[in-house]
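A.B. asks: According to mature numbering (1 follows the signal peptide of the UniProt record, and there is no 0), the residues represented by the sequence shown are -28 to -1, 1 to 242, in order.
Please keep in mind that the hints were generated in silico from the structure rather than gathered at the bench.
Incorrect hints may appear among the rest.
DSSO-like, lysine-lysine: derived pairs with alpha carbons at most 27 Å apart [as the list claims (entries may be wrong)]: (1) Lys191 with Lys169; (2) Lys100 with Lys209; (3) Lys48 with Lys169; (4) Lys7 with Lys86; (5) Lys100 with Lys191; (6) Lys208 with Lys86; (7) Lys86 with Lys100; (8) Lys88 with Lys179.
Each pair of labels, with its calculated beta carbon distance range [to be verified]: (9) Thr32 with Lys241: 18 to 26 Å; (10) Ser240 with Leu126: 37 to 45 Å; (11) Ser188 with Leu120: 20 to 28 Å; (12) Gln237 with Gly215: 22 to 30 Å.
Source: prediction; values computed, not measured.
Just so it is clear, CB atoms sit at the ideal spot from N, CA and C, and this is done for glycine as well.
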Amino acid sequence: MIMFTTKSLLAVTITAALALTSVNSATAAQPDAAKPTIVLVHGAFAESSSWNGVAAQLLTQGYPVVAAANPLRGVKQDADYVADIVEHTAGPVILVGHSYGGAVITNAVHNNPKVKGLVYVAAFAPDKGETAIELSGRYPGGTLGPTLAAPVQLDDGNKDLYIQQDKFGQQFAADVPAADSALMAATQRPISEAALKEASGEPAWKKLPSWFIYGSADKNIPEAALKFMAERAGSKKTVTVQGASHVVMTSNPGKVAELIVEAAQASSKE
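Please put together the full structure from these sequences, using the hints given.
C.D. replies: And the structure:
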């Protein structure tokens, strides 16, 4: 088994980001040093390519982009990993989190003045002591539980969670073409059960401006829970995409990119 250190994971992440820039070189603008770097943090059952549509649009507008390979091992561990990326990024940063990735960016700022704003994309924005699993079940409408496969027992005593592939489309990505959601199901990254039960630390949204976007048909995190978290965080702008699934950034990349740019522009004026 290949073991990755934080530094090697960071190198892989940056390499992937550079590759994405290369793929889009025909249409992408040169990164603008005056613009903040957009750090995209995926959530459970996804991986960094779920941001491809959003990243492509940001790159064409000259924004530096890093799509982090979120380890999905635990809130503090994952937040520390993202904090390392921020530390090694030149200039200001906008942190963007999807789903569980929202809990990660909430804990990843570490009072670093580089971070200028937070964008939550169908994401958890927990307060201190709250967990992802508790927040997702606080309001009715979530149907994730019955779609999970049997947990994979790990040597360290933890358990990895996956969504059953034949249920992935309807649960996670109902508004994504079937062929695409099938690929997403096959390439999904597992999250440790412990990560969903780990209490959040002091939330960055109490000190930094935040923006929220989510779909009205989200089956992983009920719309009522997302609305509650946005209002509690004092969201600068909240966008509800009617009929969108949990992967609103994949099905509606233009709307998500637009809000990220709005956050970046607003943060640069402060």
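A.B. asks: Is the straight-line distance between the alpha-carbon of Lys7 and that of Lys86 27 Å or less?
C.D. replies: Given that 27 Å is the threshold and the Cα spacing comes to 12 Å, the pair holds.
A.B. asks: Take the C-alpha atoms of Lys48 and Lys169, compute the straight-line distance between them, and say whether it is at most 27 Å.
C.D. replies: This hinted pair holds, its Cα atoms lying about 12 Å apart.
A.B. asks: Hinted pair, alpha-carbon criterion (27 Å max): Lys100, Lys209. Please report holds or violated.
C.D. replies: holds, 23 Å
A.B. asks: Could you see if the CB distance from Ser240 to Leu126 stays within 37 to 45 Å?
C.D. replies: The hint (37 to 45 Å, Cβ to Cβ) holds, given that Ser240 and Leu126 are roughly 43 Å apart.
A.B. asks: Does Lys100 sit within 27 Å of Lys86, going by the straight-line distance between their CA atoms?
C.D. replies: holds, 22 Å
A.B. asks: For the pair supplied as a hint, Lys208 and Lys86, is the alpha-carbon distance within the 27 Å limit?
C.D. replies: holds, 19 Å
A.B. asks: Are Ser188 and Leu120 spaced within 20 to 28 Å by their CB atoms?
C.D. replies: holds, 23 Å
A.B. asks: Can the suggested window of 18 to 26 Å be confirmed for the beta-carbon pair Thr32 and Lys241?
C.D. replies: Holds, since Thr32 and Lys241 (Cβ atoms, about 22 Å apart) stay within the stated range.
A.B. asks: Can the suggested window of 22 to 30 Å be confirmed for the beta-carbon pair Gln237 and Gly215?
C.D. replies: With Cβ atoms ~28 Å apart, the hint holds.
A.B. asks: Starting from Lys191, check that the Cα of Lys169 is at most 27 Å away, please.
C.D. replies: holds, 19 Å
A.B. asks: Hey, Lys100 versus Lys191, does the alpha-carbon distance stay inside 27 Å?
C.D. replies: holds, 24 Å
A.B. asks: Take a quick look at whether Lys88 and Lys179 sit within 27 Å of each other, Cα to Cα.
C.D. replies: holds, 10 Å
Against the hints set out earlier in the document, no violation occurs for any number.
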